[in-house]
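S.K.: Given only the sequences and the hints, what does the whole structure look like? Please build it.
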Amino acid sequence: MLEVKNLSKAFKDLKAVDNVSFVVNDGEIVGLLGENGAGKTTTLRTIATMLKPTSGTAIVNGKDIVKNPEEARGEIGILFGGEVGLYDRLTGRENIVYFGELNGMTKQEASKSVDELSKDFQMEEYIDRRCGKFSKGMKQKIAIARSLVHSPKLMLLDEPTSGLDVSATIIVQDFIFKCKKEGKAIVFSSHTMSEVEKLCDRVVIIHKGKLIENETLADLRTKYKDTSLEDIFMNIIGANKGGN
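Counting in the numbering used here, the sequence shown runs from 1 upward without gaps.
Bear in mind the hints are in silico, worked out from the structure with no lab data behind them.
What you were told as hints is all true, and nothing was included just to trick you.
Label-pair distances were calculated between CB atoms; the ranges are: (1) S167 <-> R221: 27 to 35 Å; (2) E215 <-> G104: 35 to 43 Å; (3) N25 <-> N240: 22 to 30 Å; (4) D115 <-> R89: 18 to 26 Å; (5) R129 <-> K223: 45 to 53 Å.
None of the values given here were measured: they were computed from a predicted structure.
Even glycine gets a Cβ: it sits at the ideal position worked out from N, Cα and C.
M.R.: Structure below.
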């Protein structure tokens, strides 16, 4: 379970995250939505202990990110969009095992986890090849597996299907549903509204660092009298353009 409590993060005069609070329960997928620059990635990086909050905190499976950042970090699986940061000279397996060891796993434990993840993501034929010549989609699946190797209780996923073809996207989405069934708390950020509608139980919308909405998809549709999440999102952002 994740509990975000009055979380704020400022960079000099810019308040990137402004007093944000929300909860993600075990076995729940919450979509984190906002325009570019709204504060989504800063929120995720702060929860992940990569940035120290200016004020407030988050509790990850009972671990406080401010008081016990190292303990909290061990409960978190992180995947941010963009460059996946793999070591090209290492094999897929070696990249994932290395990350598992950084999270306190033995090499044997990490390798066993890689075998399971390799089957889940259909990577058996290239898991023991060097990553340097992998396609973007192959690298993305290795990066996702790397973020999950230590079986974290909380998953922070920022555009996890970026660069994947349709079949690979479905594999990743099915795995996210599997993690939900296993009781993991999942924060899922995406600009693809159809993907959010397919995966998420609830949506948190941030605009200029502030939390604007925290509702189930059904409640949002009732509240805004619209069935299209894309239209609802644009109406919410448009209504708040001049107010913040």
